[in-house]
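So the protein sequences, as listed, match chains A and B.
Sequence positions in the first sequence follow the working numbering and run 1 to 318.
Sequence positions in the second sequence follow the working numbering and run 1 to 256.
Each computed DSBU-like pair below joins lysine-lysine, with the alpha-carbon atoms no more than 35 Å apart: (1) B:77 with A:79; (2) A:79 with A:63; (3) B:256 with A:144; (4) A:188 with B:256; (5) A:79 with B:256; (6) A:159 with B:77; (7) B:77 with A:63.
The calculated label-pair distances, taken between Cβ atoms and stated as ranges, are: (8) B:237 with A:38: 45 to 55 Å; (9) A:47 with B:192: 50 to 60 Å; (10) B:111 with A:138: 19 to 29 Å; (11) B:23 with A:136: 19 to 29 Å; (12) B:128 with A:137: 45 to 55 Å; (13) B:1 with A:22: 35 to 45 Å.
No wet-lab data here; the hints were simulated from the structure.
Quick caveat, the model's predicted, so the values are computed rather than measured.
Here a beta-carbon is modelled for each residue, glycine too, at the ideal position from N, C-alpha and C.
If you want the building blocks of each chain, they are given just below.
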Amino acid sequence: MTTAAIQTIGLSKTYTLGFLMNRRVKALQSLDLTVQPGQIYGVLGPNGAGKSTTLKLLLALVKPTSGRALIFGHPAGSKAGRAEVGFLPENPAPHDYLTGREFVRMCGQLRGLSGVELDREVDQALARVEMTRTAGLAIRRYSKGMVQRVSLAQSLLGKPRLLILDEPSSGLDPVGRRQFRDLVLEEKARGATVMLCTHIIPDVEAICDRVAVLVGGRLVKEGPLSELLVSEAAEVELTLEGVDAEAVRAACPAQAHLTTAAGRVLVRTSAESGTALVGAMLQRGGRLVSYTPVKHSLEQLFLSTLESERGAVGGDLT
Amino acid sequence: MIGQLAAIAWNGFREARRNRVTIVVAIFAVVLMLATALITELTVTTFRRVVIDFGLGSMTLLLVVLAVFLSTGQLSKEIDRRTIFLLVTKPIGRGTFVVGRLLGTILTVSVLQAAMGALFFIELGLVGESVGAAQVQAVAMLTFELMILASIGTLMATFAETLTSVMVTGSVFLAGHLSSDLYLMASKAKAPAIKLAGQVAYWLIPNLSRVSFRSQATYDQVSSGETLLSAAGYALVWVAFSTCAAVIVFQRRDFK
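The shape of chain A in the complex, shown without the other chains (with noise of 0.2 Å):
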């Protein structure tokens, strides 16, 4: 059995706050999820909804209040853990009074990479993000997009199995997004997994195998992108022919929207009627062309969902 690239299990987090430390906000609930190995994985999810506590748990940078995390079989934390991955966290903030160059290479030592190969390493990465003709100048001269783009770079470094990246396109243009993107799929190529965390739906759209949704420090949605946008659908879409528009029409609820050319018509239903309209069509002699469920965007799903959830802002406070 392969062993899941992230593995986490009843993972909570309770940070308590106020000079008496008295009030407590739960910022992650019992977090099941499983990650395997070369998926692109989205975790989405408003302001406090729990995204960065959970990549924060992840890395070991916060301790969990009870539950437990596994990267590549490894405790989460472990050094073994953490050689597998590179990370980039959100508004990363690298030693001003370093060079993008110099940054990357303390990254790279820290590593535990040295010599010809850090070299080598330290050139890719900052070529990968086109940083090379950048690189020798000091970082606090860099522009955020520039800043974002040598963190990238350094979380490239030693080709780790595992990528985590916090909210990876803040501060890019649409050319950077781009390459981004184009990057990321080149990671996922090579055989890394991906843990991308953002705000920027699109991204997660377009290249994202499967997405968790996050409210309130809680898991609400998880699945492959394909499913979840399927199985959120609630109208299809539906081609007969044989069959004549009016009788569609009678069989149809008003709600449906009907349109016929070349003979066929197309109708664009609710599922439940459209299920009924088929059988009475074939019924009749017609025959099914085309039978679409109508997917609905992410950011529908992602919309919805806070909706349901009555989308609260951060995690619960007691």
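Could you slot chain B onto chain A? The hints should help.
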């Protein structure tokens, strides 16, 4: 692990250098020259003592300020700006990270101390005073005093805000030179509570006068090897204690 330790220590040194802390050496040189010129005008019989005392005193003051700010500031800044997220998520022990940071501070302060020490000896030569073993001992043993302060500053930086860390570490320097006096005063007190408080303070605060050889240098008193070794050992125990505490605290803390 050695490579990772060296990378962090070298980064600390580079940070200090790029933030122009070497200016401290220039300040020292200017202060030393001006003061020597002034002292030449004012003193006749105690010229040597005053020059040595002033030179060592100003060197100590500048380096202590530097050690306090570097040890507390660099790590705190990394935590506050969340630069730490990019570093401790690498396959490196948090203990290694803290020790590397401390070594970076010690390296920076030691390089500046060597430069200032050389300037001090050159200045003594220029004004016609010889450099004796007592002065060399005082300059060398200052390293241990600075190491104690750097390790305490690093310990504070692992859990406290920068301002608190600076104030506590600075206070340790002041109290550390008074701890034996506090102990003596408290031992003569009649109230047992005061006696106990004096003893507790003596054990909780490093006795920095034990590792300071400035007054011996002023009076050209050469200390024995045994005394120097004992002082160095005492300092290293404090450094080890503070560093272990810093590692334990740093390993346990959350980075939110």
